[in-house]
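Following the hints, put chain B in place on chain A, whose structure we already have.
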Amino acid sequence: MENLIAALVSLADPVIFAILIGGTAAGILIGAMPGLGSVLAITLALPLTFVMGPEPSIALLLGLYAGSVYGGSLSAILINTPGTPQAAATVFDGYPMMQQGKGDLALGWATVASTIGGLISVVILIAAAPLLARLGLEFGPIEYFALGLFALTCVISVSREDLLKGGLACVLGLLVATIGQDPLTGDVRLHFSNFNLMAGIALVPFLVGLFALSEVFWRVAENVSPEDRPVANTGFKFPGLSDITSRWRVFGKSAIIGTWIGTLPGVGATASSMVSYAEARRSSPNGDNFGKGEPDGIIASETANNAVTGGALVPTLSLGIPGDPITAVMLGALIIQGITPGPRLFVENADLMVFIFVALFVVNLALLVLGAVMGPIFSRAIRTPEPVMLTLILVLLAIGTFSVNYNGFDLLVMLASGVLGFGMRVLRFPLAPVVIGFVLGPMIEQSLRQGLVIARGDFFYFFQQPIALVLFIVSALFLGWSALRHWRDGRKAKGRTNGTDA
Amino acid sequence: MRENSESIIAGGAVLGISALLFTQVLPGQFEGVVLARNPMTFPRFLLGLFALGGAGLLVRGLIGARKGTVGMPVSWFKVLAILVLAGIYLAVFAPLGFIPATLVFMPVAMLALGYRNPLVIVLVTLVTVPLLWYLFTEAFSIRPPGIGIDDMLRQIGGGA
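Chains as they are written, first to last, in the numbering used here: chain A, 1189 to 1690; chain B, 15 to 174.
Simulated from the structure, these hints should not be mistaken for lab results.
We treat Cβ as the ideally placed atom computed from N, Cα and C, and that holds for glycine.
Listed next, the stretches of chain B that the computed footprint assigns to chain A, with coverage defined by at least 3 CB atoms under 8 Å from CB atoms of chain A:
1. 35-48
2. 92-99
3. 105-112
4. 151-162
So here's chain A without its partners, still in its complex pose (with noise of 0.2 Å):
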């Protein structure tokens, strides 16, 4: 109780309320803008939260975080064009609605959709993130390692267009993160001889490289049109309170997907959109006006993307694991705030754990006021050139990252790992599996040779640990049904093509 009130006090500061409600308005702005998403607005921040304390830095990184996942709504419907892939199924019904002059109430459906989506997961991580971590109490270095791989293994098997680059790029993720000293003997290695690498690879600039920079050079890949895009204007309106609870069978179902979704490693908010849509679509008394501008259409996939921020944050804080790009991010600034997510945090910052819950909840009822309010003129910022956009993005991750550590070394990290980021997705290869393997390299690196020391050298004692085997078994059945699919795809897809040529 007294956790709760001190989180409330917290919160009641003008500055820390400021920092929430600033990030879930920047992060509707980043979210509605075509193509930003969720990973840039929190890597944006990221060298910002370096010189805040771990309260405003959390307020602002779960304002991002919600704030941008809701404002890819804004463009899906005002334009046809989703801001963040978790708002893909949004257009479905989204622009139909705006066609038909009803782009007002298609914005109100998105906002309270998006707001008891996030409220109901929020309750959903209060109840399961510290029931997760008791039974994290019990992991020792092997049940680590076991619960790291288990995690890659997940993010890998996603790699839905091609496991092995996907294996690839998790395994590069990890050998990144083994440059610089070794975790348990503080030797240095890999470092090229380089004076600044053998402290490591730093975390900001190479996830900011990666997915922020990465993406403006793709965005200029892309052949950008300097025009502007074509937006048409609108207003807000809220649905009747009678209407929402009507649907209240809707909002239920599809806040327990996203949820549901949101808790497994790698699997995300646009699978938890869609997932969640065409549940809706079946189950729907409207199911045939599906796709004709529905509203049940908008609140299954906005309730169901909400919903996975409260999901995601259940392995995050309970267990140290992230299960995407996104939580992979707040895990590293947790860290640089001092705090190691994972079972121990429950008892030793049940405070701060009180305040994410709390931070949550107040950013999910935020989105419901800055919606209704700054919706209609989020939706002007979508007009802004591109050019102009990529160029600031630029700046602001230059000066955000040379802050960290006043060191212009960072800058040089920033600009390969985005050479790197930009290769790989020329390439195709996933982004995700690399950040969450340089994430959780470290712990799964010395979690394995703590083992070893233990087993003393035996790697067959592993398997002889219940929930060490019982994670290796999960992750082996993951893997071999996703390989098991991808095979089926790859044959069906060879079926089609040579059905067209006969």
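Positioned in the frame of chain A, the structure of chain B alone reads:
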């Protein structure tokens, strides 16, 4: 780009990175140290996996079972231009200072990206640079490198 060409390039790149990193894990000072305490155990294992995967990609490309066109057309000239500009900007950012480097970089980058409205270019540059400088210096207590607006004002004041 054809899919098999893409696999060959990707496989080659992975093998190239493997070779580069392999030079750092050659037998040396840590020989004889037990597996669990050897700092090279984990990187070597990962490098082995990485090289194996790269070879797999290369073989897949060379066998060339899938030959459809993949990816999207890339505007290489613009990418190269922004890469060079970003490289120069990041290289001079610390030694030259945030304000002069950004005052030059912003208009040049916008022009290179094809934006041709001089009024907007000038306005965005002149508003962004002091705004960011002020935001970082005052709100976040992080002073960007090089001469600051306060220094300039002092010089103007001193000169007058």
